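2 protein chains.
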Amino acid sequence: MSAYDELLERLKDIDMIGQIGGLLGWDQEVLMPPKAAALRAEQLAWASKAGHMRLTDPRIGELLEELEASEELDDVQAANIRLARESYDKATKLPTEFVAEMAKHRSESLVSWTEARAKDDFSIFRDNLAKSIDLARQKADYLGFDELRYDALLDIYETGLTVARLDPLFAGLRDSVAPLIKAVVESENRPDMSWVEGNSWAQSGQEALSQGVTEAIGFDFDAGRRDVSTHPFCGGTNPDDVRWTTRYSESDPFGSLYGSMHETGHGTYEQGRRRDLDFQPAGEANGLGVHESQSRMWENQVGRSREFCEWVLPLWQQHFPENMEGVSAKALWQAVNLVEPSLIRVEADEATYNLHIMIRYEIEKRLIAGDLEVDDLPDAWDDMYEKFLGIRAPNRALGVLQDIHWSMGAFGYFPTYTLGNLYAAQLLAAAREDLPEHDEQIRRGEFAPLLAWMREHVHQRGSILEPADLIEEATGSPPSPDAFVEYLQDKVERLYGVTA
Amino acid sequence: MSAYDELLERLKDIDMIGQIGGLLGWDQEVLMPPKAAALRAEQLAWASKAGHMRLTDPRIGELLEELEASEELDDVQAANIRLARESYDKATKLPTEFVAEMAKHRSESLVSWTEARAKDDFSIFRDNLAKSIDLARQKADYLGFDELRYDALLDIYETGLTVARLDPLFAGLRDSVAPLIKAVVESENRPDMSWVEGNSWAQSGQEALSQGVTEAIGFDFDAGRRDVSTHPFCGGTNPDDVRWTTRYSESDPFGSLYGSMHETGHGTYEQGRRRDLDFQPAGEANGLGVHESQSRMWENQVGRSREFCEWVLPLWQQHFPENMEGVSAKALWQAVNLVEPSLIRVEADEATYNLHIMIRYEIEKRLIAGDLEVDDLPDAWDDMYEKFLGIRAPNRALGVLQDIHWSMGAFGYFPTYTLGNLYAAQLLAAAREDLPEHDEQIRRGEFAPLLAWMREHVHQRGSILEPADLIEEATGSPPSPDAFVEYLQDKVERLYGVTA
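Going down the list, the protein sequences come from chains A and B. According to this note's numbering, the first sequence holds residues 204 to 703 in order. According to this note's numbering, the second sequence holds residues 204 to 703 in order.
Okay, chain A solo, but in the shape it has when bound (with noise of 0.2 Å):
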């Protein structure tokens, strides 16, 4: 057997382990009975311990510096081999003992953040945050970084994601989208929200709303599935079993349709992929960055578009006849596109939600550089909200202790989530390009056109190439803020008729 042939069927067995704790997991969210959850844990435990140890076979590493020394390779064995790399770098860089330090305190501090939110006190949480912020200081120490340290912590979510790279991209953003949120708030244009908040939405007329319209963008429900959890998300073990969940509040019918349009962007993405890199992590899906633009791209850009609007309208209307009586295309079309700075980053609109992740980028990127202090982070949060959103937290709880991220150690991940809405921009503008009766093709129902523009420029194009360079070879530039603030002031003009 070839050195390439040996690694690829390490991978797959790596692979297999992943894909079985895929399904521990769904299941773990969806539908496990409560008293299994400490047995899950080990299970979960023993699947992680199971595929590290693969990862980290120093057989891998004897056969990656092999490989790397040839000559003739094809974009996916080349591929193969640095994704290979980078994940054993990564997992042979950090000591054994370190991850389970790590492991074993993220379980203390997910306990701690969980009390200090619900008792809406800091100081619970305190101790166990100055110590995530250590541990993931030593994180980066152990993976090495060329400038700052949170470069390598962005590196995890994202290859090659830097500080140098996204601040351009934040301080444009910053600059276009905060005048625009500021004009929208004085214009004092706020659509008629009545009709959505005055009625109930019944959770099986919100079900085949949600179904139809996944079904209609291209979901493959022979290939996955649809559930429900506390916490949304899409999951499952490989392309043809992906399973995205969504969540129900009979006041609020935006809330599952926009989620199921969110997992949907996820789980067609997942489905996308090449069968013939099964098992090969050329074929899996690319960075955070790229996951998440489209999700957002199906949820905002075509889900909060107005012909999309207006292709959705009778279906809400079947399914919720006595409440959408008198309700136009036009004030659906406003009612999903309400602007209005507020203090959860999960529920925020499409323009003020990126200036919650900026927010956190830039604590964080001051919390772990050691320039801003853990019992100065509360004040400084709710100031960086005056200051950002105009608006302050009343308390803890909707302040600096909303996110459960920090709790499980996750820093560098949140710049994803608007890497994901600038990409989302960005993708449909060259789409548009190909597809120009794009938006007659929305008002008609007719989604396949951009999923298959989707499936050959991102979907089949796997982890082959870096996040950056597969933005680049898709559009035809490299990452930028310009296509969403473009999308965002169109938008808002048409909206609420103001300019910034």
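Possibly wrong hints are sitting among the right ones.
Said to hold, decoys possible - Simulated crosslink set (DMTMM-like; lysine to aspartate or glutamate; CA at most 25 Å straight-line):
(1) B:Lys252 x A:Asp260
(2) B:Lys238 x A:Asp425
(3) A:Lys215 x B:Glu304
(4) B:Lys238 x A:Asp479
(5) B:Lys215 x A:Asp218
(6) A:Lys238 x B:Asp430
(7) A:Lys252 x A:Glu212
(8) A:Lys215 x B:Glu245
(9) A:Lys238 x B:Glu232
(10) A:Lys238 x B:Asp423
(11) A:Lys293 x A:Glu245
(12) A:Lys252 x B:Asp260
(13) B:Lys252 x A:Glu212
(14) B:Lys307 x A:Asp216
(15) B:Lys334 x B:Glu304
(16) B:Lys238 x A:Asp481
(17) B:Lys252 x A:Asp218
(18) B:Lys307 x A:Asp481
(19) A:Lys238 x B:Asp218
(20) A:Lys238 x B:Asp216
(21) A:Lys307 x A:Glu318
(22) A:Lys252 x B:Asp208
(23) A:Lys215 x B:Asp218
(24) B:Lys293 x B:Asp481
(25) B:Lys307 x A:Glu212
(26) A:Lys252 x B:Asp216
(27) B:Lys322 x B:Asp606
(28) B:Lys215 x A:Glu245
(29) B:Lys533 x B:Glu400
(30) B:Lys293 x B:Glu245
In case anyone wonders, no lab produced these hints; they're calculated from the structure. All figures in this text were calculated on a predicted structure; none of them were measured in a lab.
Since the structure of chain A is already known, use the hints to place chain B on it.
This is chain B only, laid out in the frame that chain A set:
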């Protein structure tokens, strides 16, 4: 670490893989999307291979040799060592290539059986069946036996079981039960089934009825689930996560209720295991016969008793008020105890069921011994049905092709079904001695005393003893058909007014 601790650690690792395989299998039957089938098969094969590699690790053989020489072992330690030895020997005695050949043949054989049954054409399955028999003989030779090849196959499913032990049990049973059935048939006292067959039974009502009954029995739904699948089964991963399934037919309300009680019997057994023996073979449920005793006890001995019917009638009335109008507890009791010779084993009543098993047992003995040729099997099958049950299959699909087991190479499995019935009767007779108010308790829906008795004498005893010894410890007598025969004679006399 001591040799014993190392053995337990290795056994835990193997059990963990088994638990994960349990979830993969459950998911496959219950909710996996159809296109996921091929990769799920790969995942299951991966888990099976991973477990097999660990089980056949020569280090286990070394540890066992060392431990078998120890003198101071308590009963749990001795059982763990004995059971690990059995598994190790069974796994190592079969050459890897032979195991692979069996697995490959099983897949092909399953396909040809499915086609043969659908087309009612035995010839399609004939060659595969002949090879299955040949492989079963080879397997027996690899595993070893004292008297008969068939003994080695019986031992796979119930440790210590042999033809010498089974023949007297079956003979005693046949001599008593066959005339009883004949007497019932001749009496022409068929109960009134018109209220059952003439009504439609909504699935929602059947679900509520099953749920109410299984909760009352004491199945813990915080540590388990009820779902729907084509082939009902009880699976899951461990005592904290026991998952059973049932199926619904709107023309037959008994199938789902008694199927649910059957699986609840299996499920309460799993939930009742000794938790200080988690991951240890000594703590696992005993052989298939004992497992089946728990399911058949709740399904038949309890569920088809006059007292249970009196207790459950109000539940029937609650969920099916119109259908149950005018139906008395006695009429319900008579209907759920219809005794009638039929062709299909899985639909057979309590009295005729064991004759179906005996036919397969006699045939398997002769096939494995070479006393019956495959080409003569279909007619031999029909002749035995005529002899034992007085009916003859109109075609092969309802005859020799009805069961899946032989296509899976499972020779020696069927007898455990009848053992389950015998053990159930014997255990309940013993429990009655400790529970003098048993009948009254069932009439009041107080199932806890009986469940507690089974917990103490069966569930908590795990696999510390071999099956026959467990039955003797719990009941004071070795396995015997007497309790079952007495139970059946008494019941048939009360129902049909006949004796034999």
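Do the hints match the structure? See the list:
1. B:Lys252 x A:Asp260: holds (19 Å)
2. B:Lys238 x A:Asp425: OK: Lys238 of chain B and Asp425 of chain A at ~6 Å, within 25 Å.
3. A:Lys215 x B:Glu304: holds (23 Å)
4. B:Lys238 x A:Asp479: holds (16 Å)
5. B:Lys215 x A:Asp218: Within the cut-off at roughly 23 Å; holds.
6. A:Lys238 x B:Asp430: Satisfied, since the Cα-Cα distance of roughly 18 Å is no more than 25 Å.
7. A:Lys252 x A:Glu212: Distance of about 19 Å is within 25 Å: holds.
8. A:Lys215 x B:Glu245: Distance of about 11 Å is within 25 Å: holds.
9. A:Lys238 x B:Glu232: holds (22 Å)
10. A:Lys238 x B:Asp423: holds (10 Å)
11. A:Lys293 x A:Glu245: holds (23 Å)
12. A:Lys252 x B:Asp260: Within the cut-off at roughly 19 Å; holds.
13. B:Lys252 x A:Glu212: holds (15 Å)
14. B:Lys307 x A:Asp216: holds (21 Å)
15. B:Lys334 x B:Glu304: The hint holds at about 11 Å.
16. B:Lys238 x A:Asp481: holds (15 Å)
17. B:Lys252 x A:Asp218: holds (16 Å)
18. B:Lys307 x A:Asp481: holds (23 Å)
19. A:Lys238 x B:Asp218: holds (19 Å)
20. A:Lys238 x B:Asp216: holds (21 Å)
21. A:Lys307 x A:Glu318: OK: Lys307 of chain A and Glu318 of chain A at ~17 Å, within 25 Å.
22. A:Lys252 x B:Asp208: Status holds; Cα separation ~20 Å.
23. A:Lys215 x B:Asp218: The hint holds at about 23 Å.
24. B:Lys293 x B:Asp481: holds (22 Å)
25. B:Lys307 x A:Glu212: Within the cut-off at roughly 21 Å; holds.
26. A:Lys252 x B:Asp216: Holds. Lys252 of chain A to Asp216 of chain B sits at ~12 Å (cutoff 25 Å).
27. B:Lys322 x B:Asp606: holds (15 Å)
28. B:Lys215 x A:Glu245: holds (11 Å)
29. B:Lys533 x B:Glu400: holds (17 Å)
30. B:Lys293 x B:Glu245: holds (23 Å)
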